[in-house]
Amino acid sequence: MRYLPLSDNDRADMLAQIGVGSIDELFADIPEAARLEELESLPRRKSELSVERHLNALAAKNMTAGSVPFFVGAGAYKHHVPSTVDHLIQRSEFLTSYTPYQPEITQGTLQALFEFQTQVAELTGMDVANASMYDGSTATAEAVLMAHRVTKRKKAVLSGGLHPQYREVVESTSRQLPGGQVVSLPADPMGTEDILDQIDDETSCVVVQSPSFYGQLIDLKPIAEKAHEHKALLIAVFTEVVSLGLVESPGAQGADIVVGEGQSLGNPLTFGGPYVGLFATRQKYVRNMPGRVCGETVDAEGKRGFVLTLSTREQHIRRDKATSNICTNSGLCCLAFSIHMTLLGSTGLKRLARINHANAIKLADALAAIDGVEVLNKAFFNEFTIKVKANANDVVEALAVNGVLGGVPVSRLEPDNPDLDSLITVAATEVNTDEDRAAFVEALTEVLG
Amino acid sequence: MSMNTQGRPTAPGTADAPVHTTFTGNKALNMEEPLIFEIGRTDICGVDLDEPEKVELRLGGHERLSSLELPALSEPETMRHYVRMSRNNYAIDSGLYPLGSCTMKHNPRLNEKMARVPGFADIHPLQPVSTVPGAFELIAELADWLMKLTGTTAVAMSPKAGAHGEQCGMMAIKKAIMEKGEDRSIVLVPESAHGTNPATAALLGFKVVSIPARDNGTVDPAAVIEKIRENDGKVAALMLTNPNTCGLFEPDIIAIADAIHEAGAYFYCDGANFNAIVGKAKPGDLGVDAMHINLHKTFSTPHGGGGPGSGPVVLSDRLAAYAPLPFIRQGDGELEVVETTSQLDEGEKPFGRMTAFHGQMGMFVRALSYMLSHGSDGLKQASEDAVLNANYVRVGLQDLMTLPYGEHPCMHEVLFDDSFLKDTGVTTLDFAKAMIDEGYHPMTMYFPLVVHGAMLIEPTESESRASLDLFVATLRDLVMSAQQGDTQRFEGAPYLAPRRRLDETQAARKPILKWTPPSPTDVEPKAAAE
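Top line first, the protein sequences correspond to chains A and B. Using the working numbering, the first residue of the first sequence is number 1, and each one after it goes up by one. Using the working numbering, the first residue of the second sequence is number 1001, and each one after it goes up by one.
Incorrect hints may appear among the rest.
[Claimed, not checked] Below, a list of computed lysine to aspartate or glutamate pairs in the EDC-like style, where the Cα atoms sit at most 20 Å apart:
| no. | chain 1 | residue 1 | chain 2 | residue 2 |
| --- | --- | --- | --- | --- |
| 1 | B | K1380 | A | D29 |
| 2 | B | K1054 | A | D29 |
| 3 | B | K1148 | B | D1285 |
| 4 | B | K1027 | B | E1438 |
| 5 | B | K1349 | A | E414 |
| 6 | B | K1380 | A | E32 |
[Said to hold, decoys possible] To give an idea of the chain A side of the interface with chain B (calculated C-beta under 7 Å), a few residues:
| no. | residue |
| --- | --- |
| 7 | P5 |
| 8 | N9 |
| 9 | R44 |
| 10 | L49 |
| 11 | R53 |
| 12 | L55 |
| 13 | V72 |
| 14 | S97 |
| 15 | V128 |
| 16 | R351 |
Hints listed in this document are in silico derivations from the structure and should not be mistaken for laboratory results. Here a beta-carbon is modelled for each residue, glycine too, at the ideal position from N, C-alpha and C.
Given only the sequences and the hints, what does the whole structure look like? Please build it.
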């Protein structure tokens, strides 16, 4: 087996040195009844070539985003990632290093995390950020738990513009705690819900996504004000981090915790994971923040260096009193994010955001011109919702048959609300060309015709 | 054209090396690298982007007015910035990485290659199911391997890491208890458990009751039964790591599982150490109801400096119905993807959802690539080699270092305590830091908590015999050095790493968590004449 350095001679010699007659003597503590001889019904070892054949055959069955006009968003976005990013994250020293528990020999990872935290804090307009969470949905769930710790209350109010699967993750997690209460508002494609009415003195936090799941941009300021009047926290969520290059930051609008999905920078679609959850908050809440944090310090010679810090919040020290059970972060994905962000700088990010917005406007206008299509959102970034005169799910399937991946039928995530059956969320990014848009318009016209 | 007739000196010069400081602070190949914010500029961009078309913004007045100032680096500067930083990292690819419980094994590059095939990397989690049959087939195939290796009947694929998997398994248990209309609030956790176990139980509102280990480092079924009696009818689950964090297989695991089941509770197994027994025993045969599998440990997906991980949870028949959304069901001839409650069949009662989308697909591809490469025979061989290597290290060191539980065979990792350092003036931490100067990443220290000055060594199956011999010889030399009173080698260690020991107290007391521009008072005052 190509990954195993020991030869049979090595094994025999080593067993002799250990003083046992066979390898099974080392496994003698396994109860006899449970010992295995052979793993029946599983294939035996394969060469590199045959593994490639097997997996490539599976991959070939999938329609890739890059091979068709592609307009799918809803929490994961196809952007162009510079080649430098994937090369650098595959450097052995980043790829095959562990969590930087020995800072003297992991300054590479630690410095990258410190830079990442600085970038995320600046993007979100917040004081501090952690060293990443699993993804946007779990970051949102952790933010709600953090708000409960800060406010010592247990009621979360979720906007109807929150990604439905994010909502389900929050509900599943926060209802585990005794007294944990989640008020989820109905789906809100146009951003017209009255969330202010829901905030009272029991409320721990209000969770609002902007741009919303439906693409609508939401004014967070009045929500922050109302929340603060009741000593509740505003948790602002985004799924498209590129929007922060053009849309006002949640921090400037009064958010107390900002969480989001960072996949758009540096990370491929990869069918939903691994991604990178971004998490930022105000300085005063830093000791309630979940997840790993990297901080600056000095070494014995006075040289600047970085370490994991505030670990007294974490599970390996605090056990059942920890702020979170999180151990792993999204290390390599946040490195990819940070490298892409470094290549762009704010100048590049602003430009990229403008290109995305311009492409979305052109797409919205082109689709709105089709008979039987209505664009619902007046204010959006690179994603919006259309209403079609047919069942959205059928339309999207038919588009795929015509070689266009034309968005997500809302009913796939919200199946129990007939009002949403004709809605499709549609995203545009810098990868879309004029030809892509024309193909989409032609296919949709035909499908609806 | 004439040759340089003087020649150039070819003798090596003097070997005497007084303390040598450099102008740059660099040490030859070892470079000091400033932060992006100190070398980047906001007036450049390392990506060539088209000029955005002039359009009337449709942002509804939400345009960003607050500042956004992040410096950029050009492409060559970016490359150099990160390459230089990377050289300050230890990695498995550069040396033995004996972190017990963390399983730093070889990460095959075939797995990286396959994860980047566009058919896996360039597909969207919400594009029509009909356009990604290969993705669901891959997930189902990996699930099949996991169930067969563990002897279980269901698996929740979506958890994003080990602790997330624990949370998933415990939420399934909580749901099962609720469905039965019972009220059980207590989770039993042995003292030697990973910190994530009690943290997860507490996160779900359970009260944690600790179970002491017996003198040989394993759990006594009698102690479990006693806690069950003391908390009559209230015990929801036992969370047990097996092989345990002392590197020992729990010999009474079946009796423990029986006691838990008799009490109407569930057996959660922390699968962080599953890599020791793959192909040698199936957790399902040992009475396990739920166990997460760290694909980034047992199945070699890279640790990436702290993630991403992946933590699918296998479930017994007793818990299978409560697996979270989404899941894949074998329909008539083809796979059916269940993403919402409206698609549920009778008897399917998911407790909810762990994450958006389908889980860590990129990690699934890598793990399956690893499994296919090994095959059932290779996986078993890998477990055996991991255990063989750990025992080889054990016998190489047991006369000099101290084994807290006697000279009993260990599984894939060997646990020492620090009594061999007694009266030497060298602490466990000093000892570990001196390993850095010798070119080794230290072992896991001060964990598990049940042993004083714990040192947990997991060499993995990826090490050759020569590599183990050098490692053992190095540790022997360090032990003898400590016992002979050479404290200098330890107390300031590491001396040769990119950084000396870092002040973690200062970092925690006054946290500096991001770069801020130096304030004018920090800048050295300029000469008055200027």
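### Query
Has the given pair, K1380 of chain B with D29 of chain A, been kept, meaning a C-alpha gap of at most 20 Å?
Holds. K1380 of chain B to D29 of chain A sits at ~17 Å (cutoff 20 Å).
### Query
If you take the shortest Cβ to Cβ gap from R53 of chain A to chain B, is it below 7 Å?
Because about 10 Å separates R53 of chain A from the closest Cβ in chain B, which is outside the 7 Å limit, the hint is violated.
### Task
Under 7 Å, Cβ to Cβ, is where V72 of chain A needs to be relative to chain B, so tell me if that hint holds or is violated.
With a closest approach of 5 Å, the V72 of chain A hint holds.
### Query
Taking the least C-beta to C-beta distance, is P5 of chain A closer than 7 Å to chain B?
holds (4 Å)
### Query
Does the interface hint hold: is V128 of chain A within less than 7 Å of chain B, judged Cβ to Cβ?
holds (5 Å)
#### Entry: Satisfaction of hint between E32 of chain A and K1380 of chain B, Cα-Cα up to 20 Å
Given pair K1380 of chain B, E32 of chain A holds - Cα atoms ~17 Å apart, limit 20 Å.
### Query
Against chain B, is N9 of chain A within 7 Å by beta-carbon distance?
This hint is violated: N9 of chain A lies away from chain B, its Cβ roughly 9 Å from the closest one there, beyond 7 Å.
### Interface restraint verdict for R351 of chain A against chain B (beta-carbon cut-off 7 Å)
holds (5 Å)
#### Entry: Minimum beta-carbon distance criterion (7 Å), R44 of chain A to chain B
With a closest approach of 4 Å, the R44 of chain A hint holds.
### Message
Against the 20 Å threshold, does the CA-CA distance of K1148 of chain B and D1285 of chain B hold or violate the hint?
### Response
Distance ~11 Å between K1148 of chain B and D1285 of chain B Cα, so the pair holds.
### Query
Can the restraint linking K1027 of chain B and E1438 of chain B be considered satisfied, given a maximum Cα separation of 20 Å?
Holds, because 18 Å separates the two Cα atoms, which is no more than 20 Å.
### Distance restraint between K1349 of chain B and E414 of chain A, which requires alpha-carbon spacing of 20 Å or less
Roughly 18 Å between the alpha carbons, so the hint for K1349 of chain B and E414 of chain A holds.
In summary, the structure is inconsistent with hints 2, 8, 10 and 11 from the numbered list given earlier, while agreeing with the others.
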